[in-house]
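Residue numbers (this note's numbering), protein chains in the order written: chain A, 3 to 300; chain B, 3 to 300.
These aren't lab readings, by the way, just hints derived from the structure by calculation.
No experiment lies behind these values; they were computed from the predicted model shown.
Ideal Cβ positions, reconstructed from N, Cα and C, are used throughout, including at glycine.
Hints are not guaranteed to be accurate.
Okay, the calculated bits of chain B under chain A, using three or more residues with CB under 8 Å as the criterion [to be verified]:
hint, region
1, 123-135
2, 168-179
3, 188-201
4, 236-243
Protein chains: 2
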Amino acid sequence: MKLEKVTIVGGTHGNEYTGPYLLKFLKEKNLLTKFSTFETNLFLANPKAYEKNVRFLDVDLNRSFSQEDLSNSSLGHYEADRAKVIHQLLGPKSNPKTDFILDVHTTTANMGVTLIIVDNNPFNLEMAAFVKSKIPGVSILYNPMAEQAGREGLPFLNSLTEHSIGIELGPIANGIVRQDVLLQACDSTLACLEYIEMVNNETEIPVGNEIEVFEKVKPVSFPLDSHGNIAAIVHEYLQDRDFKPLHKNHPVFLKLDGEVVLNQEEETYFPIFINEAATYYLSIAYSLTRKRLLKIRK
Amino acid sequence: MKLEKVTIVGGTHGNEYTGPYLLKFLKEKNLLTKFSTFETNLFLANPKAYEKNVRFLDVDLNRSFSQEDLSNSSLGHYEADRAKVIHQLLGPKSNPKTDFILDVHTTTANMGVTLIIVDNNPFNLEMAAFVKSKIPGVSILYNPMAEQAGREGLPFLNSLTEHSIGIELGPIANGIVRQDVLLQACDSTLACLEYIEMVNNETEIPVGNEIEVFEKVKPVSFPLDSHGNIAAIVHEYLQDRDFKPLHKNHPVFLKLDGEVVLNQEEETYFPIFINEAATYYLSIAYSLTRKRLLKIRK
Numbered sequence: 003m004k005l006e007k008v009t010i011v012g013g014t015h016g017n018e019y020t021g022p023y024l025l026k027f028l029k030e031k032n033l034l035t036k037f038s039t040f041e042t043n044l045f046l047a048n049p050k051a052y053e054k055n056v057r058f059l060d061v062d063l064n065r066s067f068s069q070e071d072l073s074n075s076s077l078g079h080y081e082a083d084r085a086k087v088i089h090q091l092l093g094p095k096s097n098p099k100t101d102f103i104l105d106v107h108t109t110t111a112n113m114g115v116t117l118i119i120v121d122n123n124p125f126n127l128e129m130a131a132f133v134k135s136k137i138p139g140v141s142i143l144y145n146p147m148a149e150q151a152g153r154e155g156l157p158f159l160n161s162l163t164e165h166s167i168g169i170e171l172g173p174i175a176n177g178i179v180r181q182d183v184l185l186q187a188c189d190s191t192l193a194c195l196e197y198i199e200m201v202n203n204e205t206e207i208p209v210g211n212e213i214e215v216f217e218k219v220k221p222v223s224f225p226l227d228s229h230g231n232i233a234a235i236v237h238e239y240l241q242d243r244d245f246k247p248l249h250k251n252h253p254v255f256l257k258l259d260g261e262v263v264l265n266q267e268e269e270t271y272f273p274i275f276i277n278e279a280a281t282y283y284l285s286i287a288y289s290l291t292r293k294r295l296l297k298i299r300k
Numbered sequence: 003m004k005l006e007k008v009t010i011v012g013g014t015h016g017n018e019y020t021g022p023y024l025l026k027f028l029k030e031k032n033l034l035t036k037f038s039t040f041e042t043n044l045f046l047a048n049p050k051a052y053e054k055n056v057r058f059l060d061v062d063l064n065r066s067f068s069q070e071d072l073s074n075s076s077l078g079h080y081e082a083d084r085a086k087v088i089h090q091l092l093g094p095k096s097n098p099k100t101d102f103i104l105d106v107h108t109t110t111a112n113m114g115v116t117l118i119i120v121d122n123n124p125f126n127l128e129m130a131a132f133v134k135s136k137i138p139g140v141s142i143l144y145n146p147m148a149e150q151a152g153r154e155g156l157p158f159l160n161s162l163t164e165h166s167i168g169i170e171l172g173p174i175a176n177g178i179v180r181q182d183v184l185l186q187a188c189d190s191t192l193a194c195l196e197y198i199e200m201v202n203n204e205t206e207i208p209v210g211n212e213i214e215v216f217e218k219v220k221p222v223s224f225p226l227d228s229h230g231n232i233a234a235i236v237h238e239y240l241q242d243r244d245f246k247p248l249h250k251n252h253p254v255f256l257k258l259d260g261e262v263v264l265n266q267e268e269e270t271y272f273p274i275f276i277n278e279a280a281t282y283y284l285s286i287a288y289s290l291t292r293k294r295l296l297k298i299r300k
């Protein structure tokens, strides 16, 4: 297998500035010239949302890439049309014009460097294991949605290609760049590209056949008042404890009248995206995952 | 002197969620019933920007309260009109319907709890000194703009009254609430109200006659490229060092081509609002202040 065309995407969400700045940084520091086996395309996905410093104008671009939506010309939202333009440029899903997509995101949650995998093929899993072996502390988040929906059903930009990864970095506020986070983005991106170079050169990859992932289970809503408004905040005990075990009866919310809400889940899950700004409008406070070992090569 | 009507304002900037949640928290936890000498009005200043999770829709509401703009009916921006409605409700500047305004803001910069004073009358300064004596680590920022423009020239919401304070809390991302920051907002607000209660009861205030403030000097721009776009990020050395001395030749920016930019100021200033999201659109990276001792009672 040889990957010849690689696409690095920033600004899929317009207020997550690290991605767009990473694209400039990679280019202006000439960091890509050391890779000789593939071409790299640097792509700003939602320039209008980036210019306006908003996640999206009409709908979430990173939920606009299901085959059904891509085939529906009557949606008319800015991002629904933008997705079709990107699909034209990088797709189609069945035979894409790029061999690999890396999509860079940030979060207000304390998730450090998290690699997100939406297609659990051996390439993606091995890349994640390789990056984790190079950069200590990296977490791997696996979204099993593709197991039901298939890649054509997935709404994510990087579901355009079979070989893809998402990088999620945090905590960082929207609308700013921090040097520490930019350098983490840069290091993890370069590690992904190094992996591709090794695959292209048929170099043996020094990782085992098992990889620990956090598999997404379900989102958790904020407590709501009778008007459907958020009526609580994330409890300080839970704040910043992304990827840490959450046991039954541990505090998860503080209601605005002072009442503490305890976790009622019987299973000990691992919460992620705790107090993420982007999901307040959906009243989602965090998501639950469980740890799972995946075989890289079946 | 007796203050009978007190207004606590949140959501002057719609994406700074701590203020609006503080208003609900104060009400639902019944935290205001212990004050018997004044009435408290809880006021959400920009509900539309809060609903949309943006700082403002058209223009910055907290720059819309100069007497000149308040008298200009032809501006037509949403916030220009909203300011006139608030002016009608709480003003006019010469004879306001409220005796005191406390305006709650947040920042992505590492500014802890900062009290902002725009009118250096003895009441405001003594309140700041009292809050600082109760809450260790509080910084006091003094904006000397009123010394030139007079209160009628000031564009800030809390320039509607002579007696006023701003509370700035950070670091926190926009669009979220954190329990630690909410409790800081609550504690500092209650300390302000306690001061008013003491003044109303003619209780002696246990503070001296001098107060250390950081006086705003000037903003500092990001380095720009030939198209006027931001071409650097805040250097990791400077990041999070709000209110710390910044010496000549210390690193302040990292250009995207890797060049480090050094501070050229001869005077050792104290930077604030370092890497604040709200000023990227103005290409402002941070502001400089100098330390100054003010006499509370002249």
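Hint numbers not upheld by this structure, sorted from lowest to highest: Of the numbered hints given earlier, those the structure breaks are 1 and 3, listed in rising order.
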